[in-house]
Amino acid sequence: MSDERLLCVSEEPEVAVALVRLARSLTGPGTGRVVAVVLPGSAPDAAERLAAAGADEVRPVDGPALTDPHVVADLLAEIVAAVSPSVLLVGSTKRGREAAGHLAGVLDLPATTGVTGLRLDADGIRVDREALSGNAVAVERIVRRPAIVAMMPGFSAPPAAPSPSPGRVRQPPRATAPLTERTELRPKAGGQLEIEKADRIVTIGRGLRKKEDLPIVEALARALGAEVGCTRPLAAEAGWLTDDHWIGLTGHRVHPALYVAVGVSGAVQHLVGMRSSRVVVAINKDPNAPIFAQADYRITGDLYQIVPALTKALGG
Amino acid sequence: MGEKLRIWTAVKHGLDVNLTRADRTTGLVRVESAPRKTSDFDKNAVEEAVRVRERLGGVVTAISVGGPAAREALREAIAIGADEAILVTGDRWAEWDTRAVARLLAAATRKLGGFDLFLLGEGSTDHFAGLVGPRLAGELRCAGIAYARRLTAAAEGVVVEKDLEKEVEVVRAAYPVVVSVGQEINTPRIPTFMANLKASKKEVRVLGPPDLDVPAEALAPVVVVERVAVPEIPRKQQTIAGTTPDEIAARLRDALRGEGVLP
Ligand SMILES: Cc1cc2nc3c(=O)[nH]c(=O)nc-3n(C[C@H](O)[C@H](O)[C@H](O)COP(=O)(O)OP(=O)(O)OC[C@H]3O[C@@H](n4cnc5c(N)ncnc54)[C@H](O)[C@@H]3O)c2cc1C
Ligand SMILES: Nc1ncnc2c1ncn2[C@@H]1O[C@H](COP(=O)(O)O)[C@@H](O)[C@H]1O
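These protein sequence lines are chains A and B, in that order. 305 is the number that this note's numbering gives the last residue of the first sequence; the numbers go up by one with no jumps. 264 is the number that this note's numbering gives the last residue of the second sequence; the numbers go up by one with no jumps.
Honestly, I wouldn't trust all of these hints.
[What the hints assert, rightly or not] Derived EDC-like pairs: lysine to aspartate or glutamate, alpha-carbon spacing no greater than 16 angstroms straight-line:
#: 1; chain 1: A; residue 1: K177; chain 2: B; residue 2: E168
#: 2; chain 1: A; residue 1: K177; chain 2: B; residue 2: E73
#: 3; chain 1: A; residue 1: K301; chain 2: B; residue 2: D255
#: 4; chain 1: B; residue 1: K167; chain 2: A; residue 2: D291
#: 5; chain 1: B; residue 1: K203; chain 2: B; residue 2: E55
#: 6; chain 1: B; residue 1: K202; chain 2: B; residue 2: E85
#: 7; chain 1: B; residue 1: K237; chain 2: A; residue 2: E183
#: 8; chain 1: A; residue 1: K199; chain 2: A; residue 2: D291
#: 9; chain 1: A; residue 1: K83; chain 2: B; residue 2: E162
#: 10; chain 1: A; residue 1: K301; chain 2: B; residue 2: E248
#: 11; chain 1: A; residue 1: K177; chain 2: B; residue 2: E185
#: 12; chain 1: B; residue 1: K5; chain 2: B; residue 2: E55
[Said to hold, decoys possible] Listed next, with one range per pair, are the computed distances between beta-carbon atoms:
#: 13; chain 1: B; residue 1: R258; chain 2: A; residue 2: D275; range: 56 to 66 angstroms
#: 14; chain 1: A; residue 1: R171; chain 2: B; residue 2: K237; range: 24 to 34 angstroms
#: 15; chain 1: A; residue 1: S154; chain 2: B; residue 2: Q239; range: 49 to 59 angstroms
#: 16; chain 1: A; residue 1: Y293; chain 2: B; residue 2: R206; range: 50 to 60 angstroms
Don't read these hints as lab results, they were simulated from the structure. Glycine is no exception: its CB is placed at the ideal position from the N, C-alpha and C atoms.
Start from the sequences and build out the full structure, keeping to the hints where you can.
Shown next, in the form of structure tokens:
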């Protein structure tokens, strides 16, 4: 517990709430101060939700939606000056990391991203973060405050602890001229799947020879009541599946009860995405595939034989 | 821009994450002795820089901040097609954090006459922070665009397709602009034997913080790595075998039933 001020902001509503809950648990009830920024364009109940999660003060920002990192950084710099927090918590999303870096450059602040755990120690701020492409966990000590800490979406946030009388401070927009201009915003192809919430996943890798063979894997997924995941090459290079299926360092992090990896070699950048699965099955024709070291059940064999047999055994 | 497009690209000689090993008993990674290689996305950044120069003309400067071995990353950048190479180094390079790196890059551009387009990787393979590019833009107070998947450069600026989690954003900016690129933007060319040979003979300009007017205090680490460990997640590692695929399938089904993970 400590008497610190923590400032929270994220463009992702769920992450913003989780940041406030984390901040509240770090200061303790009734001590310190948790301030949450409500970005323009947020849902009408965003401020209430942040207060209910534990914010002592919410700061709704007036004006149009913010995209240019230079403008975002300028606004946050002003809020940091007004609130003087010891930590600015943001989400380690793409926009979050970009804004964090930009602001860190403008104000010359320490910053770190991809954080899964945070402690406010007397000798500094300690974070656990993914390191070595997710292969390892690093403990970092930030020796100067204020610091910017970007929390990995989905980090385990403590329960909400609403503040008894949350305050509200209107934050007028800044007149900063943007340095970039958005000319278009379009949803990505696919994009409906929320694979990070799936309870069972069948992931296919480059062991699949052609796109036309996808139904073999989809049938297994149906029989298991699972979503279909994929490795990077299938989404980014071959384009056989949309990005919302992509699991790993540059894709999604998943934590299902069952993860079946089919024709997946198990590169470190893939493993980081599936490491917290409960039960892992690997099917691969190469007995030395690294994925086997991460598996509970290992089947060495040809996916074109094993997968249909498994689908049948499951009544599919 | 002036008469020639000034294109910079930052290459990191980072840890090879596929070759780093943890101590069996402590789980700790000995970072100091781990093998290094050029960070993956940085090759995409160099490739993109070279493609822009091939279309619009100009000069591609590759810069790396690190120890003597970082010359290898610069050699690779030259082999891909960069025109000149700068190594920023000093006695304490091993403790330079993201902030120090961004400050040195910013100082180098100031000292050496500025840039129009500065290309970096969106994340370094070992650290994967995604901070140096945005920090550099913030420090220089110029336009920054991260997560670039497609870049179209013209005489006065760039149009970039930015890859967000659920959307693609098209963004336009005038020079100078800092753009951080992902692996999807291009496929870096494999240098020819001759290109590699020529690159190994190319002179690298070596600069230290004093040459860039950066005082040592400005580089003192603000984020210190205390330990790096590989988390041990126990797995059953049970092999399921059988004489036919059906037999294997039935055994796996029974095992998964036992685990309680079937619907
Ligand atoms: C910075 C960075 C970020 C990255 N991010 C990601 C990421 O987010 N996600 C990701 O997945 N990757 C990512 N990668 C790529 C990663 O390094 C690997 O290249 C990729 O995961 C390999 O995909 P794969 O397993 O499908 O293919 P491969 O490595 O080619 O493996 C195919 C496997 O299929 C097996 N196989 C072949 N035929 C059969 C058959 N008939 N039956 C059974 N098995 C068969 C082979 O034995 C092999 O093990 C990233 C890389 C970098 C450098
Ligand atoms: N030591 C370095 N020298 C040169 N460029 C670097 C260095 N560290 C990071 N970069 C650049 O910054 C990008 C992002 O790195 P990071 O913020 O560590 O994820 C990398 O892809 C490189 O282009």
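Would you mind confirming whether the straight-line C-alpha gap from K177 of chain A to E185 of chain B stays at or under 16 angstroms? Satisfied, since the Cα-Cα distance of roughly 15 angstroms is no more than 16 angstroms.
Between K203 of chain B and E55 of chain B, does the CA-CA distance stay at or below 16 angstroms? violated, 20 angstroms
Take a quick look at whether K237 of chain B and E183 of chain A sit within 16 angstroms of each other, Cα to Cα. Answer violated: K237 of chain B to E183 of chain A is near 28 angstroms, above 16 angstroms.
For the range 49 to 59 angstroms, tell me whether the beta carbons of S154 of chain A and Q239 of chain B fit it or not. holds, 56 angstroms
State, for the Cβ atoms of R258 of chain B and D275 of chain A, whether the hinted interval 56 to 66 angstroms holds or is violated. At 28 angstroms between Cβs, range violated.
Does K177 of chain A pair with E168 of chain B here, judged by a C-alpha cut-off of 16 angstroms? holds, 5 angstroms
Is K202 of chain B within 16 angstroms of E85 of chain B, Cα to Cα? holds, 12 angstroms
Against the 16 angstroms threshold, does the CA-CA distance of K83 of chain A and E162 of chain B hold or violate the hint? Given pair K83 of chain A, E162 of chain B holds - Cα atoms ~14 angstroms apart, limit 16 angstroms.
Distance restraint hint 50 to 60 angstroms, applied to the beta-carbon atoms of Y293 of chain A and R206 of chain B: holds, 55 angstroms
Are K177 of chain A and E73 of chain B close enough, with their CA atoms no more than 16 angstroms apart? violated, 38 angstroms
Is the hinted pair K199 of chain A and D291 of chain A satisfied, with a Cα-Cα distance of at most 16 angstroms? This hinted pair holds, its Cα atoms lying about 15 angstroms apart.
Verify the proposed pairing of K167 of chain B with D291 of chain A, using a straight-line Cα cut of 16 angstroms. violated, 34 angstroms
Hint check: violations occur at hints 2, 4, 5, 7, 13 and 14; the rest are consistent with the structure.
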